[in-house]
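Engineer: Listed here are the chains, written in short residue letters.
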Amino acid sequence: MRNLNSKAKESASPLLKNEGIKSVSASLLSIMAGLLVGGAITVIVALINDEISFKAGLEGLKLIFFGLFSTGRDISGNLTFGFNPVNIGNLLFRATPVIMTGLSVAVAFKTGLFNIGAPGQYLMGTAASLFIALTIPSSSVPTWIIWLLALIGGMAAGALWGAIPGALKAYLNINEVLACIMTNWIAANLVTWFFESSNLRNGNESGKIGYIMPTSANGVVTAKLGLDRIFPGSQVNGGILVAIIFAILVYVMIYKTTLGYSMKACGSNKHAAEYAGIKSKRMLVLSMAIAGALSGGGASLYYLSGNTEFFHATYQSLPAEGFNGIPIALLAANNPIGVIFSGLFMSMLNIAGQQLKNLTAYNEYITDIIIAAIVYLSAFSLVIKALLSGLHKRKSAVAVATRKGNSTTAGVQTHADEEIIEEINNGVKNAEIDFSEDKREGEE
Amino acid sequence: MSEYIIEMLGITKEFPGIIANDNITLRLKKGEIHALLGENGAGKSTLMSVLFGLYEPEKGEIRKNGKVVKIKNPNDATALNIGMVHQHFKLVDVFSVLDNIILGSETTKFGFLQKKRAKEKVQALSEKYGLKVDLDLKVENITVGMQQRVEILKMLYRENEILIFDEPTAVLTPGEIDELMEIMRSFRNEGKSILFITHKLSEIMAVCDRVTVLRKGKYIGTVNTSDVTKQELSQMMVGRPVELTVQKKQAMPGEVILKAENITVPSKRQRNKPAVKNVSFEARSGEILCIAGIDGNGQTELVNAIAGIDKTTKGKITLCGHDITSASIRQRNKLGISHIPEDRHKHGLVLDFPLKDNLVLQRYFEPEFRNMGFIRQNAVKQYADRLILQYDVRSGQGGETITRAMSGGNQQKAIIGRELDRNMPLIIAVQPTRGLDVGAIEYIHSQLVKKRDEGKAVLLVSLELDEVMSVSDRILVMHEGEIVGEFDPKTTTVSELGLYMAGTKKQGGTDQ
Numbered sequence: 001m002r003n004l005n006s007k008a009k010e011s012a013s014p015l016l017k018n019e020g021i022k023s024v025s026a027s028l029l030s031i032m033a034g035l036l037v038g039g040a041i042t043v044i045v046a047l048i049n050d051e052i053s054f055k056a057g058l059e060g061l062k063l064i065f066f067g068l069f070s071t072g073r074d075i076s077g078n079l080t081f082g083f084n085p086v087n088i089g090n091l092l093f094r095a096t097p098v099i100m101t102g103l104s105v106a107v108a109f110k111t112g113l114f115n116i117g118a119p120g121q122y123l124m125g126t127a128a129s130l131f132i133a134l135t136i137p138s139s140s141v142p143t144w145i146i147w148l149l150a151l152i153g154g155m156a157a158g159a160l161w162g163a164i165p166g167a168l169k170a171y172l173n174i175n176e177v178l179a180c181i182m183t184n185w186i187a188a189n190l191v192t193w194f195f196e197s198s199n200l201r202n203g204n205e206s207g208k209i210g211y212i213m214p215t216s217a218n219g220v221v222t223a224k225l226g227l228d229r230i231f232p233g234s235q236v237n238g239g240i241l242v243a244i245i246f247a248i249l250v251y252v253m254i255y256k257t258t259l260g261y262s263m264k265a266c267g268s269n270k271h272a273a274e275y276a277g278i279k280s281k282r283m284l285v286l287s288m289a290i291a292g293a294l295s296g297g298g299a300s301l302y303y304l305s306g307n308t309e310f311f312h313a314t315y316q317s318l319p320a321e322g323f324n325g326i327p328i329a330l331l332a333a334n335n336p337i338g339v340i341f342s343g344l345f346m347s348m349l350n351i352a353g354q355q356l357k358n359l360t361a362y363n364e365y366i367t368d369i370i371i372a373a374i375v376y377l378s379a380f381s382l383v384i385k386a387l388l389s390g391l392h393k394r395k396s397a398v399a400v401a402t403r404k405g406n407s408t409t410a411g412v413q414t415h416a417d418e419e420i421i422e423e424i425n426n427g428v429k430n431a432e433i434d435f436s437e438d439k440r441e442g443e444e
Numbered sequence: 001m002s003e004y005i006i007e008m009l010g011i012t013k014e015f016p017g018i019i020a021n022d023n024i025t026l027r028l029k030k031g032e033i034h035a036l037l038g039e040n041g042a043g044k045s046t047l048m049s050v051l052f053g054l055y056e057p058e059k060g061e062i063r064k065n066g067k068v069v070k071i072k073n074p075n076d077a078t079a080l081n082i083g084m085v086h087q088h089f090k091l092v093d094v095f096s097v098l099d100n101i102i103l104g105s106e107t108t109k110f111g112f113l114q115k116k117r118a119k120e121k122v123q124a125l126s127e128k129y130g131l132k133v134d135l136d137l138k139v140e141n142i143t144v145g146m147q148q149r150v151e152i153l154k155m156l157y158r159e160n161e162i163l164i165f166d167e168p169t170a171v172l173t174p175g176e177i178d179e180l181m182e183i184m185r186s187f188r189n190e191g192k193s194i195l196f197i198t199h200k201l202s203e204i205m206a207v208c209d210r211v212t213v214l215r216k217g218k219y220i221g222t223v224n225t226s227d228v229t230k231q232e233l234s235q236m237m238v239g240r241p242v243e244l245t246v247q248k249k250q251a252m253p254g255e256v257i258l259k260a261e262n263i264t265v266p267s268k269r270q271r272n273k274p275a276v277k278n279v280s281f282e283a284r285s286g287e288i289l290c291i292a293g294i295d296g297n298g299q300t301e302l303v304n305a306i307a308g309i310d311k312t313t314k315g316k317i318t319l320c321g322h323d324i325t326s327a328s329i330r331q332r333n334k335l336g337i338s339h340i341p342e343d344r345h346k347h348g349l350v351l352d353f354p355l356k357d358n359l360v361l362q363r364y365f366e367p368e369f370r371n372m373g374f375i376r377q378n379a380v381k382q383y384a385d386r387l388i389l390q391y392d393v394r395s396g397q398g399g400e401t402i403t404r405a406m407s408g409g410n411q412q413k414a415i416i417g418r419e420l421d422r423n424m425p426l427i428i429a430v431q432p433t434r435g436l437d438v439g440a441i442e443y444i445h446s447q448l449v450k451k452r453d454e455g456k457a458v459l460l461v462s463l464e465l466d467e468v469m470s471v472s473d474r475i476l477v478m479h480e481g482e483i484v485g486e487f488d489p490k491t492t493t494v495s496e497l498g499l500y501m502a503g504t505k506k507q508g509g510t511d512q
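Sequence order for the protein chains is Z and W. At the far end of the first sequence sits residue 444, using the working numbering, and the numbering has no gaps. At the far end of the second sequence sits residue 512, using the working numbering, and the numbering has no gaps.
No lab work stands behind these hints, which were simulated from the structure alone.
For each label pair, taking beta carbons as the anchor points, the in silico distance ranges come out as:
(1) W:Met372 <-> Z:Leu225: 22 to 32 Å
(2) W:Glu400 <-> Z:Ile369: 42 to 52 Å
(3) Z:Trp185 <-> W:Gly175: 52 to 62 Å
(4) Z:Trp185 <-> W:Gln390: 49 to 59 Å
(5) Z:Trp185 <-> W:Glu480: 47 to 57 Å
(6) W:Glu56 <-> Z:Leu382: 23 to 33 Å
(7) W:Glu56 <-> Z:Leu225: 56 to 66 Å
(8) Z:Tyr376 <-> W:Asp352: 22 to 32 Å
(9) Z:Leu382 <-> W:Glu400: 16 to 26 Å
(10) Z:Phe114 <-> W:Ser326: 28 to 38 Å
(11) W:Lys381 <-> Z:Val86: 40 to 50 Å
Heads up, the beta-carbon is just placed ideally off N, CA and C, and yes, glycines get one too.
Given only the sequences and the hints, what does the whole structure look like? Please build it.
Structural biologist: Okay, here's the thing in C-alpha cells:
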C-alpha cells in the first residue's frame with residue numbers, strides 16, 4: 001500500500017513540477033470541492049426543510065452544476081437544459097466588473113499588498129463615471145468620447161483611492177489592510193453624500209427612489225459590438241472584451257515589462273529590491289494606484305452599460321463586486337489570464353444561484369449560503385496548491401538541493417515541532433512587519 | 001550491545017534524475033564526536049533527513065544499539081533521542097528563551113504549564129554544561145551565539161543522546177567557537193554522541209574523533225582524524241588537491257577609488273549610540289582592503305552606508321572622484337559599486353524569482369535588457385546562460401530554476417557572478433564565503449584576487465580571521481563602530497588582531 005502510494009506520487013512528480021499546471025489543477029480541485037460542498041448543502045437543506053421535497057433537492061443539485069444551461073421547465077414541470085443565450089450573455093456581463101476587481105487584487109498581491117480596498121475604489125469609480133457620463137452634454141460631445149472620458153475618469157478616481165492606502169503604507173507604514181478598510185467606508189459615505197446633493201437622482205420613474213439615472217439617459221451606452229445578436233435578450237455588451245483586454249495588458253505588464261519586474265521584486269523581497277536600487281516605496285504607491293484604477297474601471301464598465309442603475313441612498317454596504325475580487329484573484333493564483341476564467345466562474349455561480357431561486361423552492365438566502373460555500377472553498381486554491389507542492393516538495397527539495405549542492409534553505413523540516421515554530425515565526429513576523437519593524441523605517 | 005549507537009547501513013536515496021545518497025554507511029560510536037564532511041551537494045542533508053524520517057530510503061537500514069529501527073517521521077527520531085541544531089535556528093523570536101526550550105515538550109500538570117519546574121531543570125542543565133543563557137529574555141534580543149546555546153539546551157532538555165550539529169560554527173565569533181568546542185567535548189565525556197556536519201577542516205581536526213567523507217552522493221570513507229592531515233581530508237572531500245592558502249602576487253595599489261571621510265551612521269538598535277563613529281579610510285585600486293571585527297561592531301552599517309542602503313548623518317563618501325554621500329542606491333550602483341551583500345537571502349536575491357531574473361537584478365533596466373519598457377527576455381536568458389556557465393552556477397533547470405530551490409553555495413556563486421561581471425571599480429564583498437565549502441571558498445578567493453589584479457578596489461568584510469589573514473593586502477579592525485587599527489597581514493598575527501577586535505587595544509589612542 002505504502003509502495004503503491006509512493007509510486008503514484010513519483011509518477012505525479014514531473015507533472016506537479018510545473019508551476020502553471022500546479023496552479024491550474026489546484027484551482028480546478030478547489031472549484032470541484034466547492035461545488036461538491038455546495039451540492040451537499042443543497043441536498044441537506046432539502047432533507048431538513050419541509051418546503052423543499054427531495055426531488056426539488058435533486059433539481060437544486062442539477063442547477064448548482066448546470067444552472068448556466070438551464071432553460072426553465074417544460075410543460076410536465078421537468079427542468080430543461082440547453083443553450084441559453086440570456087444566461088450566457090448575462091454571465092459575460094456580470095463577469096466584467098469582477099474580472100476587473102480580480103485583476104486589481106492580483107496586481108496588488110504581486111507587490112505584496114492585500115488590496116481589500118477594491119470596494120471603495122469601485123465606489124469612487126462608480127461616482128466619477130456616472131458623474132462624467134451624466135453631466136457632459138451629449139448634444140455637444142459625441143457619446144463615445146463621453147464614454148471614454150467616463151471610463152478614464154472612473155479609473156482615475158479608483159487610482160486616487162488606491163494610492164492613498166498605498167502611500168500610507170509606503171511612507172508611514174500603516175498597514176494597508178487597515179487603511180483600505182477605512183478608505184472603503186469613507187468612499188461609501190462620500191459617494192452617498194455626493195449623490196444625495198446632486199441632481200443625478202432618478203426622479204422620473206416611479207419606484208426608483210434612491211437610484212441614480214442610468215447613463216442611457218444621456219445616451220452614453222457601452223457598444224454592444226454584435227454580442228447582443230449572439231446572446232439576444234441578455235445584458236451583454238462590449239465591456240467584457242474591454243475587461244479581457246485589460247487582463248491581457250496586466251499580464252503583459254507583470255510578466256514582460258521592467259515595471260512588472262520591479263513590482264514583483266518589491267513584492268517578493270523588498271530588501272533585495274532596495275539593494276538593487278529599486279525605489280520600493282514608489283512601487284507600493286504605483287501598484288496600489290494601478291490596482292485602484294482597475295477596480296474603478298470595473299465600476300465604469302458595469303454602470304456605463306446603460307441598463308444598470310446605481311442605488312446610492314442609505315449606503316450601508318460595500319459593493320460585493322469589490323470583495324469578490326479577492327476570491328477571484330486567489331482562485332486564479334494571481335495570474336491575470338486566470339482571473340478571466342475565475343471571474344467567469346464566479347459569475348456563473350451567480351447565474352446558477354438565480355436559476356435556483358427562480359425555478360425551485362430555494363429562497364435567496366439559502367441560495368446565497370450555497371454560493372458562499374462554493375466561493376469560500378474555491379478560494380482555498382492556494383492551500384490546495386501548497387498541498388500539491390508539499391507532495392512534491394518532500395521528494396524534490398533535497399533532490400534539487402543535492403543536485404546543485406547541499407542546501408540550508410531547501411526548507412527541509414526535521415522536527416514536527418519545528419514546523420509549528422516556523423508557523424508561529426511567520427505569523428509573528430507578518431504582524432511585526434506591519435506594526436513594529438516598519439515603524440522604525442517610518443521614523444526615518 | 002553494539003559498539004555503535006547509530007548505524008546507517010547502505011543507505012540509498014534516489015530522487016528523479018539523481019541519486020542523492022548512493023549506498024552510504026555512517027556509523028556513530030557511543031561517546032564520540034563524528035564529523036560528516038562533504039561539499040555542498042554531497043548528500044549530507046539527505047542523509048540527515050533520512051535519519052530524521054523525512055525520507056524513506058530505497059535501500060539500507062538504520063540501527064540503534066545494533067537493533068534495526070524504522071524511522072518513519074521526525075517523531076520517531078525524537079523518540080530515539082536524536083536531536084539536531086540546525087544551521088538556521090528554529091526559534092520563535094518573540095518567545096522567551098525558556099519558552100523556546102520547552103516548546104513542544106512542555107511540563108504540564110492538569111493541562112497547566114509547570115514553568116517553574118521547567119525553569120529549574122533548564123537552569124540545572126545550563127549550569128552543568130556552562131551554557132550561559134538568560135532564560136527570561138526574548139530570543140530576538142539575544143546574540144546569535146546565545147541563540148545557539150538555546151538550541152543546544154533544547155536538545156539537552158529533551159534528554160537527547162545523539163546530538164547533530166549542522167554547521168554550528170558558521171555564525172560564531174572565534175571565541176564562541178572555542179566555547180562551543182569545549183561544550184562538545186564535555187558532551188562527549190558525558191557519553192553523548194555527536195554528529196558534526198561541517199566543512200571547516202581545522203574544526204574537525206580540533207574536536208572530532210572520526211570523519212566520514214561524502215562526495216557527490218557517494219561514500220568516500222571514514223577515517224580517524226589522528227591519521228590524516230587537512231590536505232588529505234580536503235582531497236577526499238573535493239576529489240582533487242585543493243589550495244588551502246590563497247595564491248597571490250604582491251599588491252600594486254593604485255589610485256583612490258573609495259574615500260570615506262568622518263562618516264557616522266546611526267544605529268537602528270540603539271537610539272543614542274551611532275553604529276559607525278567618525279570612520280575615515282581609503283580603498284585603492286589593485287588592493288584588497290579588509291575590514292575585520294567581531295560581528296555587530298558596525299561593519300554592516302558601514303557597508304550599507306557606502307552602498308546607500310543606510311543613511312549617514314555626518315561625513316562624506318567619494319567614489320571615483322564623485323561625491324556620493326547623498327546619491328541613490330541605483331546611482332551608486334551605476335557609478336561603480338558591485339556589492340556582494342552579507343545576507344544573500346535578505347538583500348542578495350529575490351528567492352522566488354527564477355535565477356535568470358536574479359542575475360539581472362541591478363541591470364534589468366539597461367538598454368541591453370530593456371526595449372520600450374519591455375524586458376528583452378532573450379537577452380536576459382543569454383546573459384544568464386553565460387554567467388551560469390562562466391561561474392559554474394549549478395541548478396536544476398538553468399536560468400529558469402526558482403532561486404529558492406538552489407543550494408546556498410550556488411546562490412552565492414550566482415551573486416558573485418552577477419556582481420563581478422558588472423566589472424565595477426569598487427567591489428564590496430561582505431562575508432562572501434560564509435557557509436560555503438572549501439572548493440567554493442577557494443574559487444571565490446581566487447576571483448577576488450583576480451579582480452584585484454585587474455585593478456579593482458576590493459573591500460572585504462569578514463569575520464573569519466583565517467580569511468582576513470590570507471586574502472587581504474591591508475586590514476582595518478573595527479570595534480564598536482570605530483576603526484581601532486590598521487595592519488599589514490604580513491607583519492601581524494591573528495592573536496594581535498584578536499586583541500584589537502575585542503577592544504583591548506587601540507591604535508592612536510590609549511590602551512584600555
